[in-house]
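Novice: My request is simple: use the sequences and hints to build the entire structure.
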Amino acid sequence: MVTINDIANLSGVSRTTVSRVLNNSGYVSESAKRKVQEIIESTGYVPSEQAKSLRTKQTKVIGVILPKISTETASRVVDGIDKKLSEHGYHILLANANLNVEKEIEHLRLLQSRRVDGIILVATNIETQLIKTIQEMNVPVVALGQEVPGISSVVYDDYHAAYDVTSLLIEKGHKRIGFIGVSETDRAVGFERKRAFLDAMKAYNLDVYSAWIQEGVFDIHSGGQAMKTILEESPQSPTAIFAVTDRLAIGAMQVIKEKNIDIPKQISVVGIGASDLSKYVSPSLTTVDYYNEKAGIETANLMIEQLVKKEEKPKKLLMSYGLILRDSLS
1 MVTINDIANL SGVSRTTVSR VLNNSGYVSE SAKRKVQEII ESTGYVPSEQ
51 AKSLRTKQTK VIGVILPKIS TETASRVVDG IDKKLSEHGY HILLANANLN
101 VEKEIEHLRL LQSRRVDGII LVATNIETQL IKTIQEMNVP VVALGQEVPG
151 ISSVVYDDYH AAYDVTSLLI EKGHKRIGFI GVSETDRAVG FERKRAFLDA
201 MKAYNLDVYS AWIQEGVFDI HSGGQAMKTI LEESPQSPTA IFAVTDRLAI
251 GAMQVIKEKN IDIPKQISVV GIGASDLSKY VSPSLTTVDY YNEKAGIETA
301 NLMIEQLVKK EEKPKKLLMS YGLILRDSLS
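Numbering of the sequence shown is given in the UniProt record's numbering, commencing with residue 1 and proceeding in unit increments.
Since no wrong hints were added, every one of them can be taken at face value.
With a straight-line Cα cutoff of 20 Å, these simulated SDA-like cross-link-like pairs (lysine to any residue) come out:
#  : residue 1 : residue 2
1  : Lys68     : Tyr291
2  : Lys313    : Glu298
3  : Lys172    : Lys265
4  : Lys228    : Glu215
5  : Lys83     : Thr59
6  : Lys257    : Ile220
7  : Lys35     : Asn24
8  : Lys294    : Asp157
9  : Lys315    : Glu298
10 : Lys60     : Asn301
11 : Lys68     : Gly190
12 : Lys33     : Leu22
13 : Lys103    : Asn125
These are calculated hints, taken from the structure and not from any lab test.
Specialist: This is how it looks when you write it as C-alpha coordinates:
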(Lines of atoms letter the chains of each structure in order from A and count residues from 1; the text may use other names and numbers.)
(Lines give C-alpha, C1' and ligand atoms only; values in the text may rest on other atoms or scores of the structure.)
Protein backbone atom coordinates (compact mmCIF):
# COMPACT_ATOMS: atom_id res chain seq x y z
CA MET A 1 0.00 0.00 0.00
CA VAL A 2 1.37 3.40 -1.04
CA THR A 3 2.09 5.78 1.84
CA ILE A 4 2.75 9.50 2.07
CA ASN A 5 6.45 8.68 2.55
CA ASP A 6 6.46 6.77 -0.75
CA ILE A 7 4.93 9.78 -2.52
CA ALA A 8 7.61 12.04 -1.01
CA ASN A 9 10.46 9.73 -2.08
CA LEU A 10 9.13 9.25 -5.62
CA SER A 11 8.53 12.99 -6.01
CA GLY A 12 11.90 13.97 -4.59
CA VAL A 13 10.34 16.31 -2.03
CA SER A 14 9.78 16.28 1.71
CA ARG A 15 6.83 14.67 3.49
CA THR A 16 5.78 18.18 4.58
CA THR A 17 5.55 19.31 0.95
CA VAL A 18 3.36 16.32 0.05
CA SER A 19 1.14 17.12 3.04
CA ARG A 20 0.79 20.73 1.87
CA VAL A 21 -0.24 19.58 -1.61
CA LEU A 22 -2.80 17.14 -0.19
CA ASN A 23 -4.29 19.76 2.14
CA ASN A 24 -3.93 22.66 -0.30
CA SER A 25 -2.22 24.67 2.43
CA GLY A 26 1.12 26.47 2.75
CA TYR A 27 3.50 27.46 -0.02
CA VAL A 28 4.58 24.87 -2.61
CA SER A 29 6.24 25.78 -5.92
CA GLU A 30 4.21 25.01 -9.04
CA SER A 31 6.82 22.54 -10.32
CA ALA A 32 6.88 20.63 -7.03
CA LYS A 33 3.08 20.64 -6.86
CA ARG A 34 2.82 19.24 -10.40
CA LYS A 35 5.37 16.52 -9.64
CA VAL A 36 3.57 15.44 -6.47
CA GLN A 37 0.18 15.42 -8.22
CA GLU A 38 1.61 13.32 -11.08
CA ILE A 39 3.00 10.75 -8.63
CA ILE A 40 -0.29 10.66 -6.70
CA GLU A 41 -2.20 10.04 -9.93
CA SER A 42 0.20 7.39 -11.26
CA THR A 43 0.29 5.45 -7.97
CA GLY A 44 -3.44 5.80 -7.22
CA TYR A 45 -2.62 7.03 -3.73
CA VAL A 46 -5.64 7.76 -1.52
CA PRO A 47 -5.01 9.56 1.80
CA SER A 48 -6.17 7.72 4.91
CA GLU A 49 -9.44 9.19 6.20
CA GLN A 50 -8.27 8.59 9.75
CA ALA A 51 -5.00 10.43 9.10
CA LYS A 52 -6.84 13.31 7.44
CA SER A 53 -9.23 13.64 10.34
CA LEU A 54 -6.34 13.75 12.80
CA ARG A 55 -4.70 16.54 10.79
CA THR A 56 -7.81 18.62 10.18
CA LYS A 57 -9.78 17.62 13.31
CA GLN A 58 -12.68 16.89 10.94
CA THR A 59 -14.19 13.56 9.92
CA LYS A 60 -16.34 15.04 7.11
CA VAL A 61 -19.19 12.88 8.44
CA ILE A 62 -22.60 14.15 9.57
CA GLY A 63 -24.83 11.90 11.65
CA VAL A 64 -28.52 11.85 10.67
CA ILE A 65 -31.01 10.49 13.22
CA LEU A 66 -34.33 9.45 11.68
CA PRO A 67 -37.56 8.73 13.58
CA LYS A 68 -38.35 5.73 11.33
CA ILE A 69 -35.91 4.91 8.57
CA SER A 70 -38.36 2.90 6.41
CA THR A 71 -40.77 5.75 5.55
CA GLU A 72 -41.01 7.66 2.27
CA THR A 73 -40.64 10.92 4.16
CA ALA A 74 -37.33 9.76 5.64
CA SER A 75 -36.09 8.68 2.21
CA ARG A 76 -36.90 12.05 0.64
CA VAL A 77 -35.39 14.00 3.52
CA VAL A 78 -32.18 11.95 3.38
CA ASP A 79 -31.94 12.50 -0.39
CA GLY A 80 -32.04 16.26 0.19
CA ILE A 81 -29.57 16.19 3.07
CA ASP A 82 -27.10 13.99 1.18
CA LYS A 83 -27.39 16.04 -2.01
CA LYS A 84 -26.41 19.27 -0.26
CA LEU A 85 -23.79 17.85 2.12
CA SER A 86 -22.01 15.95 -0.67
CA GLU A 87 -21.51 19.25 -2.50
CA HIS A 88 -19.30 20.25 0.43
CA GLY A 89 -17.46 16.93 0.69
CA TYR A 90 -19.45 15.51 3.62
CA HIS A 91 -20.78 11.98 4.02
CA ILE A 92 -23.75 10.93 6.14
CA LEU A 93 -24.14 8.24 8.79
CA LEU A 94 -27.75 7.19 9.40
CA ALA A 95 -29.28 6.13 12.72
CA ASN A 96 -32.83 4.82 13.23
CA ALA A 97 -34.63 5.88 16.42
CA ASN A 98 -37.77 3.85 15.61
CA LEU A 99 -40.02 6.52 17.17
CA ASN A 100 -38.25 6.15 20.52
CA VAL A 101 -36.93 9.22 22.34
CA GLU A 102 -34.53 7.14 24.45
CA LYS A 103 -32.98 5.77 21.27
CA GLU A 104 -32.66 9.32 19.90
CA ILE A 105 -30.69 10.27 23.01
CA GLU A 106 -28.58 7.12 22.72
CA HIS A 107 -27.81 7.87 19.05
CA LEU A 108 -26.89 11.49 19.84
CA ARG A 109 -24.30 10.34 22.38
CA LEU A 110 -23.01 7.52 20.19
CA LEU A 111 -22.57 9.76 17.13
CA GLN A 112 -20.72 12.32 19.22
CA SER A 113 -18.39 9.58 20.48
CA ARG A 114 -17.73 8.62 16.84
CA ARG A 115 -16.46 12.19 16.32
CA VAL A 116 -18.93 13.20 13.63
CA ASP A 117 -18.67 16.86 12.63
CA GLY A 118 -22.37 17.52 13.23
CA ILE A 119 -25.73 15.84 13.79
CA ILE A 120 -29.07 16.37 12.03
CA LEU A 121 -32.02 15.22 14.14
CA VAL A 122 -35.26 14.54 12.27
CA ALA A 123 -37.35 15.02 15.37
CA THR A 124 -40.78 13.84 16.54
CA ASN A 125 -41.22 14.07 20.31
CA ILE A 126 -39.31 16.90 21.97
CA GLU A 127 -38.97 15.88 25.61
CA THR A 128 -37.03 17.58 28.41
CA GLN A 129 -34.27 14.95 28.54
CA LEU A 130 -33.77 15.15 24.77
CA ILE A 131 -33.41 18.95 24.92
CA LYS A 132 -30.96 18.61 27.84
CA THR A 133 -28.86 16.09 25.90
CA ILE A 134 -28.75 18.34 22.82
CA GLN A 135 -27.67 21.31 24.92
CA GLU A 136 -24.81 19.23 26.36
CA MET A 137 -23.48 18.23 22.93
CA ASN A 138 -20.12 19.59 21.81
CA VAL A 139 -20.90 19.21 18.10
CA PRO A 140 -23.45 21.27 16.11
CA VAL A 141 -26.99 19.86 16.06
CA VAL A 142 -29.73 20.95 13.63
CA ALA A 143 -33.35 19.77 13.91
CA LEU A 144 -35.88 19.05 11.17
CA GLY A 145 -39.60 18.71 11.76
CA GLN A 146 -39.77 20.21 15.25
CA GLU A 147 -38.54 23.47 16.76
CA VAL A 148 -35.90 22.68 19.40
CA PRO A 149 -34.84 25.41 21.86
CA GLY A 150 -31.29 26.66 21.43
CA ILE A 151 -30.48 25.11 18.04
CA SER A 152 -31.28 25.86 14.40
CA SER A 153 -34.45 24.16 13.18
CA VAL A 154 -36.32 23.60 9.92
CA VAL A 155 -40.03 23.20 10.59
CA TYR A 156 -43.09 22.43 8.50
CA ASP A 157 -46.05 24.80 8.66
CA ASP A 158 -48.24 22.19 10.31
CA TYR A 159 -50.79 24.58 11.74
CA HIS A 160 -51.62 26.44 8.53
CA ALA A 161 -51.52 23.30 6.38
CA ALA A 162 -54.03 21.57 8.66
CA TYR A 163 -56.18 24.71 8.90
CA ASP A 164 -56.26 24.95 5.09
CA VAL A 165 -57.25 21.28 4.75
CA THR A 166 -60.10 21.70 7.24
CA SER A 167 -61.25 24.92 5.57
CA LEU A 168 -61.19 23.20 2.18
CA LEU A 169 -63.48 20.45 3.46
CA ILE A 170 -65.86 22.98 5.01
CA GLU A 171 -65.94 25.09 1.85
CA LYS A 172 -66.81 21.93 -0.10
CA GLY A 173 -69.96 21.80 2.04
CA HIS A 174 -68.89 19.36 4.76
CA LYS A 175 -70.18 20.09 8.25
CA ARG A 176 -69.59 16.70 9.91
CA ILE A 177 -65.82 16.16 9.76
CA GLY A 178 -63.94 13.38 11.53
CA PHE A 179 -60.30 13.68 12.55
CA ILE A 180 -57.64 10.97 12.87
CA GLY A 181 -54.52 12.24 14.62
CA VAL A 182 -51.51 10.97 16.57
CA SER A 183 -50.29 11.50 20.12
CA GLU A 184 -49.94 15.16 21.07
CA THR A 185 -46.48 14.39 22.46
CA ASP A 186 -45.52 14.86 18.82
CA ARG A 187 -45.99 18.62 18.89
CA ALA A 188 -45.96 19.19 15.13
CA VAL A 189 -48.06 16.31 13.78
CA GLY A 190 -50.04 15.50 16.92
CA PHE A 191 -50.63 18.84 18.63
CA GLU A 192 -50.41 21.54 15.93
CA ARG A 193 -52.48 19.74 13.29
CA LYS A 194 -55.21 18.91 15.80
CA ARG A 195 -55.20 22.47 17.13
CA ALA A 196 -55.62 23.82 13.60
CA PHE A 197 -58.50 21.42 12.89
CA LEU A 198 -60.35 22.45 16.05
CA ASP A 199 -59.70 26.16 15.41
CA ALA A 200 -61.06 25.93 11.87
CA MET A 201 -64.18 24.06 13.01
CA LYS A 202 -64.74 26.71 15.69
CA ALA A 203 -64.20 29.56 13.21
CA TYR A 204 -66.98 28.12 11.03
CA ASN A 205 -69.23 27.47 14.07
CA LEU A 206 -69.28 23.71 13.46
CA ASP A 207 -69.73 21.06 16.14
CA VAL A 208 -67.06 18.45 16.84
CA TYR A 209 -68.17 15.26 18.60
CA SER A 210 -65.67 13.32 20.69
CA ALA A 211 -66.37 10.09 18.78
CA TRP A 212 -65.26 11.83 15.57
CA ILE A 213 -61.76 12.47 16.95
CA GLN A 214 -59.54 9.38 17.13
CA GLU A 215 -55.83 8.68 17.42
CA GLY A 216 -53.47 6.38 15.52
CA VAL A 217 -49.73 5.67 15.44
CA PHE A 218 -48.39 6.61 11.99
CA ASP A 219 -49.39 3.43 10.18
CA ILE A 220 -52.14 2.18 7.88
CA HIS A 221 -53.53 -0.37 10.34
CA SER A 222 -54.09 2.18 13.11
CA GLY A 223 -55.79 4.49 10.61
CA GLY A 224 -58.22 1.69 9.87
CA GLN A 225 -58.83 0.99 13.55
CA ALA A 226 -59.52 4.67 14.19
CA MET A 227 -61.97 4.76 11.29
CA LYS A 228 -63.80 1.69 12.62
CA THR A 229 -64.23 3.43 15.97
CA ILE A 230 -65.59 6.57 14.30
CA LEU A 231 -68.15 4.59 12.29
CA GLU A 232 -69.20 2.36 15.18
CA GLU A 233 -69.42 4.97 17.94
CA SER A 234 -70.81 7.98 16.10
CA PRO A 235 -74.57 8.57 16.26
CA GLN A 236 -74.21 10.07 12.79
CA SER A 237 -71.31 9.31 10.46
CA PRO A 238 -69.12 12.21 9.32
CA THR A 239 -69.18 13.14 5.64
CA ALA A 240 -65.44 13.79 5.58
CA ILE A 241 -62.29 12.51 7.31
CA PHE A 242 -59.12 14.52 7.83
CA ALA A 243 -56.19 12.23 8.73
CA VAL A 244 -52.92 13.87 9.75
CA THR A 245 -50.81 11.50 7.60
CA ASP A 246 -51.39 9.73 4.31
CA ARG A 247 -50.90 6.32 5.93
CA LEU A 248 -53.65 7.00 8.45
CA ALA A 249 -55.88 8.29 5.63
CA ILE A 250 -55.26 5.18 3.51
CA GLY A 251 -56.10 2.93 6.47
CA ALA A 252 -59.34 4.87 6.93
CA MET A 253 -60.15 4.49 3.22
CA GLN A 254 -59.74 0.71 3.42
CA VAL A 255 -62.28 0.45 6.23
CA ILE A 256 -64.71 2.85 4.53
CA LYS A 257 -64.64 0.70 1.38
CA GLU A 258 -65.03 -2.52 3.42
CA LYS A 259 -68.27 -1.02 4.77
CA ASN A 260 -69.42 -0.41 1.17
CA ILE A 261 -69.42 3.35 1.73
CA ASP A 262 -68.60 5.32 -1.39
CA ILE A 263 -65.53 7.59 -1.45
CA PRO A 264 -66.00 10.50 -2.03
CA LYS A 265 -69.79 10.55 -2.56
CA GLN A 266 -70.60 9.53 1.01
CA ILE A 267 -67.31 10.23 2.80
CA SER A 268 -64.43 12.35 1.51
CA VAL A 269 -60.92 11.64 2.80
CA VAL A 270 -57.86 13.92 2.99
CA GLY A 271 -54.34 13.22 4.28
CA ILE A 272 -50.97 14.95 4.59
CA GLY A 273 -47.65 13.80 3.14
CA ALA A 274 -47.96 13.42 -0.66
CA SER A 275 -46.74 9.82 -0.39
CA ASP A 276 -46.26 7.78 -3.56
CA LEU A 277 -49.05 5.48 -2.38
CA SER A 278 -51.46 8.43 -2.25
CA LYS A 279 -51.33 8.60 -6.06
CA TYR A 280 -52.13 4.94 -6.60
CA VAL A 281 -54.86 4.12 -4.08
CA SER A 282 -58.39 4.15 -5.45
CA PRO A 283 -59.71 6.77 -5.40
CA SER A 284 -56.47 8.77 -5.43
CA LEU A 285 -55.94 10.62 -2.15
CA THR A 286 -56.18 14.38 -1.73
CA THR A 287 -53.13 15.38 0.30
CA VAL A 288 -50.58 18.05 1.21
CA ASP A 289 -47.04 18.12 -0.17
CA TYR A 290 -44.44 19.22 2.41
CA TYR A 291 -41.55 19.20 -0.11
CA ASN A 292 -39.48 16.86 2.06
CA GLU A 293 -36.41 16.77 -0.17
CA LYS A 294 -36.21 20.56 -0.18
CA ALA A 295 -36.58 20.50 3.61
CA GLY A 296 -33.61 18.14 3.76
CA ILE A 297 -31.57 20.49 1.57
CA GLU A 298 -32.43 23.49 3.77
CA THR A 299 -31.52 21.55 6.92
CA ALA A 300 -28.16 20.63 5.42
CA ASN A 301 -27.65 24.30 4.51
CA LEU A 302 -28.09 25.28 8.16
CA MET A 303 -25.53 22.64 9.14
CA ILE A 304 -23.04 23.91 6.52
CA GLU A 305 -23.50 27.46 7.83
CA GLN A 306 -22.39 26.27 11.26
CA LEU A 307 -19.50 24.12 10.05
CA VAL A 308 -18.09 26.32 7.30
CA LYS A 309 -19.30 29.83 8.06
CA LYS A 310 -19.15 29.31 11.84
CA GLU A 311 -22.69 30.67 12.21
CA GLU A 312 -23.59 30.33 15.89
CA LYS A 313 -26.92 32.13 16.26
CA PRO A 314 -29.82 29.63 16.03
CA LYS A 315 -32.15 30.08 13.06
CA LYS A 316 -35.68 28.87 12.41
CA LEU A 317 -36.78 28.18 8.83
CA LEU A 318 -40.48 27.65 8.09
CA MET A 319 -41.14 25.51 5.00
CA SER A 320 -43.97 26.09 2.53
CA TYR A 321 -46.50 23.44 1.45
CA GLY A 322 -48.93 22.73 -1.38
CA LEU A 323 -52.40 21.18 -1.56
CA ILE A 324 -52.84 18.33 -4.06
CA LEU A 325 -56.50 17.88 -5.01
CA ARG A 326 -57.44 14.36 -6.10
CA ASP A 327 -60.43 12.02 -6.41
CA SER A 328 -60.99 11.27 -2.70
CA LEU A 329 -62.53 14.72 -2.19
CA SER A 330 -65.92 16.02 -3.29
